[in-house]
Amino acid sequence: MRSFVFWRCVRYHATFPSYGRPTAYGECGVDNKVPFSRRVPLASSMNLSVTTSNDIRAEFLSFFRDRGHALVAPSSVYPRHQEGAYFVNAGMSQFKPLFMRSRDGNGSQGSEFFCLNKAANSQPCIRIGGRHGDLNDVGYDTSHHTMFEMLGNWSFGSYGKEVACRQMWQFLTGVLGLPSSCLYVTYFGGSDALGLPADDETRDIWLSLGVSDQKLLAFGAESNFWRADRASGGGLCGPSTEIHVDFAALSGRRDLNCARCMVNSSGARVVELWNCVFITHRMVEETDFRSTLLPLSCLSVDTGMGLERLASVMQGTMTTYDTDVFMPLLAFIHSEALRITGYTMPSYSSCYMLPVESEEELSGRGKAESDPSIVRRTKLGRLSNLLRTFNLGSKESGKQAETTLSTGASTTPIDYETLHRDVAYRLVADHSRALSLALQDGLLPGRQGVGLKLRHLVCRATRAAVLTGLDSVTKPSLLQRIITQIPPAAPFPPDIEGPLARPSAPVLSTEQISDVIKKEVNRFIPRLSKLEDAFNNCLRDADELGSLSDRQVEGLQIGRYGEPVSWDMICAQARWYGLKIPSGPPQSKPGRRSSAPPSSLPSMGNLNRLRTLLKGLLTTQDHSKYQIERVLRATPSSPGCGSSYTYEVPPLKAKLVALIHGDSDNLQVVIDRMHFTKFLSSHHSDGKRLGLVFDQSNFFSPCGGQISDVGVIKATTNQKPLFSVLSTEKIFENNPALSSDGWVIHWVTPGDFVEGNIPTDSLYLCPDSDRRFRMMRSHTAQHLLHWAFEDELASIEFLSRSTEQASPSQPPTFHHGGHVEPDRCSVYLTLIETPEKLETLVENVQARCRAVIEAKLPIVCQEVELEQVIEKPYVKRFTWEIYPPTVRVVCVGGDMETIEEKTNGPSAFYSAELCGGTHLHKIEDLVDVIIVGLQCRNQSIKKFVAISGESAARSRDYGERMLSQISTESEALKTDSQEAKGSIPRLLDCAERLIALMSQVDLVLGGLEENLSYLHRSALTRCQKRLSALLGGIKDSMRDCASIPVHVDPLMIAQLERLFKGGQTGCKSSAFFGAFNVSNFEKLALSILHLSPKTPIVLYQRGLAVFYHPEAKGKAVEWATATTGRLDFGNRNLSIRVEDFRKESLGVGADHFAVVRLFSLRDQRQRDWKPYFDKLVHSTAAS
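Position 149, counted from 1, in the sequence shown is what the UniProt record's numbering calls 149; the numbers after and before it change by one each time, with no gaps.
It is worth saying that the hints were derived from the structure and are not from the lab.
Just so we're clear, the structure is a prediction, and the values are computed from it rather than from any experiment.
Hints are not guaranteed to be accurate.
[Said to hold, decoys possible] Label-pair ranges, simulated between beta-carbon atoms:
{"id": "1", "residue 1": "K1025", "residue 2": "R551", "range": "50 to 58 angstroms"}
{"id": "2", "residue 1": "S583", "residue 2": "K653", "range": "52 to 60 angstroms"}
{"id": "3", "residue 1": "G174", "residue 2": "R551", "range": "57 to 65 angstroms"}
{"id": "4", "residue 1": "K475", "residue 2": "S212", "range": "17 to 25 angstroms"}
{"id": "5", "residue 1": "G1032", "residue 2": "K1113", "range": "32 to 40 angstroms"}
{"id": "6", "residue 1": "R551", "residue 2": "R1026", "range": "51 to 59 angstroms"}
{"id": "7", "residue 1": "C936", "residue 2": "K1113", "range": "52 to 60 angstroms"}
Note that CB positions come from ideal geometry on N, CA and C, so glycine has one too.
Put together the whole structure using the sequences plus the hints.
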């Protein structure tokens, strides 16, 4: 089948060399329009023995291994803290410490990884959002993907530009045999803004390698200058050189048209193939928010080339989707679509149409004129056809939506149905690869951060598949079937594994991955039709240029057009319907109220500015935060109820060196000591928050999941509190991977002190010792839980996997960190298990923790070099954390040497974890650890909440007492109910005792979370269900005994009979009055109708009163209305409303009843009838 692609080739102007191009290079007289083709002819010089993706990867790695490069295992795609909320998106991510090391000249000793000077690998990458926001192009163009493999080689001070360029050229032209005529090379042409000249050295190197000056182009900083984020990459940057390939010239013919004006034009004919960055500088931010480039002492090389794109070159196809990477997957999608839907489905045909917005962007870059009417006609035709043809479940069968698009010389019909179906094929194939990789590395869909990005992929792929008929709209299963068939990414045997290496086995099994996707799809599919309806409603007033206004985008988000639509889904729908992607979420209007309170913390930009302002000061020495004393309690704990020891943080004498003031978005720093006292004296009464920086500190700053200390700052002379410390924050001087040095900011509010009498040279820093003690307890408990979970999950008895699949070095779970607070701690784990298995897991984990506490194992904190820890697999560390060169290892069970010996034991207790937090000195001071909560039970990531100390012991004791008491009473009731069969009074007594017991269980379950452990809560919940079932059995016995219909409650019948036999309540009257449970109107009405009393009845409870009259025809409503008319409440602001019963459930029986509500006129809340019962009785009797 022929495929159509439409684009307009326009020139892209850049800074070119001073030679090799005509003087009037602004106009290119060559007609560059080359029709898109799935296949292009290849030159005879090309090495056709290396065409598959696996062969290309192996050849690339072999090439660089032969040149002294170590093959390093790819890193996990899990992102690290302070590197954004997205994924590992480049091969160089795991090597950033080596670039830093090269710069500083250290790291010559240590692990093999940190001693590397040359490396190569193939790194699976995920690019969604951030600086690489190509998600909206995926599936619509020929080469962008959310997941791809990056082939790369690196030099950490080993070689420079000449070797790097020669290796690239030799591999492409020598090993792969690409004709040099199809390759274009770009280099850095200089930048006035950066103050950098053109990279003439690189230009001369390429010329010496035989690159024609007609194939050599210079570009500015936007295209040929790479920079890393300052927080994650230390501001590393440098000029780059790139090799681009012209698909039309792969045949090697010499008579082809020039394509240099297509380089960096985002077209399908000429694409970037290989990028090489020369890391020569470091970018730092100055106080005036300007950036300065600092030259590095040595040059490093970072190169990257997409495997999928290189495969398309070697296989002679202009699109990566027609390579062996995707074609088997696309064929499998087709076969599964046939199986799921049950009707004939066309196979993938590689139909494309490049976005109109890209055409306009290109046309704006060059001087070539384009007819704007063509663009407008394209958009309107596309939009009108799509609105008519594509709606969920309402396609016009047998009709082909077509419009005519002029491409200058001819017109071509566009088959939108085929186009959209092929887009869906590509989206499902691409997104399934990214999801498979992420889930194998332990990432899961969620509500924020990377989890939300993965959820977007699930929704986008499912939406496209359902809209085009590739998947069922009622029971979609395509995505979960495809994901389980994705082959492993980057399979090659490495020489070295770095500290961030991917797990040797997937974190989740194939079945678990399928289950995760199934849950996500089932969560999304009920909303799909509503989302499409909302967007189509919005499209009806779209402007003629085919774009959404800010008002429309805001309307979609707030639900003005129907179902609220998320920002990501708006982008997906706009792209699908041929509209421009909105530039960004609409900003809140000035003065508009926001539901979120304004943040009082400095923004990231202000923190960077603070770092720059503090640069001249010595960093804060905060090692004293670990100096904590274990002391006997003044009042010893009761035996068996807790520890006899507590912990105290000694006050620390410190000197004030900086003062921070101002609003959070405009912070100012005072560093002149002469101004400290004057400033504090003049501002201490305004109550505003200040930031104090001292030469040393014993306050703990947030680290390792542990929140900051609070406390006071006192005068050294009279011990009077001068400031209350609300929180602390540490600003690192450099990248935390280089050093943990920085400044600790104490955010304080001033207290009462005499103006001008503040000894800023000598103040006592006094953290809250009790709060720190509880924090230390929680943090040590969290470490113990980490160990216990990992050890339990690795045991053969718990695993559903076979022994061959379970590896002690790779537990079948994934930790997502946690949080530490004074009264609790939490642990996040990837777990997909049944509730029964989760209870077993929690029970065994708690048992392991108690065994360690009873063993009274020592706790040892050691400071060691990070490189020494990397080689020790028993030391737990988190892939997303950035660790400094010197780290603290918290060991439970002895020091590192002792623990290393225990790793070979059969069941030794030990825990070793990198952590910057504070911990107990003795494990027995933990007293007890119990898990009190399990959140997100139905999601893949489980949050386990635990408490420790005396509160944990009390909770355990309380839960055991309650469970024992309730279990004993329920067993007694079970026996009594068996003996009471045949006796309505005895059965009624059992039922009411049972109801009282169930209320007690409800009261226990409804208490504070920390009062009851998760296991006791689960056991009581099951007990509640058994009690409910027992109550149902008693009701059945009563029904059989009294021949009561199924739709009538026998318990209520017995209670009403007992109430009526008890006699009249209130004054003498022909009607009956009494208090009774009237909350369930229908059940009460059915019971009274079954008894058919001959006298009127009034029953009340709280603010409700139910009137029954034996005669129908509205007598009850008349009676109730007459009664309320006689009531007089004085000046109590009370009102009464009379209502009749609903007739749907009772039919004509509803005419016997009326409801009277008593409520307050002030707040419209119901009031209790009890204080006014006598009034109600007398008014009823009188009426």
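To see whether the hints hold, each was checked on the structure:
1. K1025 x R551: 50 to 58 angstroms: holds (52 angstroms)
2. S583 x K653: 52 to 60 angstroms: Check passed, 55 angstroms falls within 52 to 60 angstroms.
3. G174 x R551: 57 to 65 angstroms: holds (58 angstroms)
4. K475 x S212: 17 to 25 angstroms: violated (59 angstroms)
5. G1032 x K1113: 32 to 40 angstroms: Hint holds: Cβ distance 37 angstroms, inside 32 to 40 angstroms.
6. R551 x R1026: 51 to 59 angstroms: Since R551 and R1026 have Cβ atoms about 57 angstroms apart, the given range 51 to 59 angstroms holds.
7. C936 x K1113: 52 to 60 angstroms: Between C936 and K1113, where Cβ atoms are some 56 angstroms apart, the hint holds.
The structure does not agree with numbered hint 4 stated previously, though it agrees with all others.
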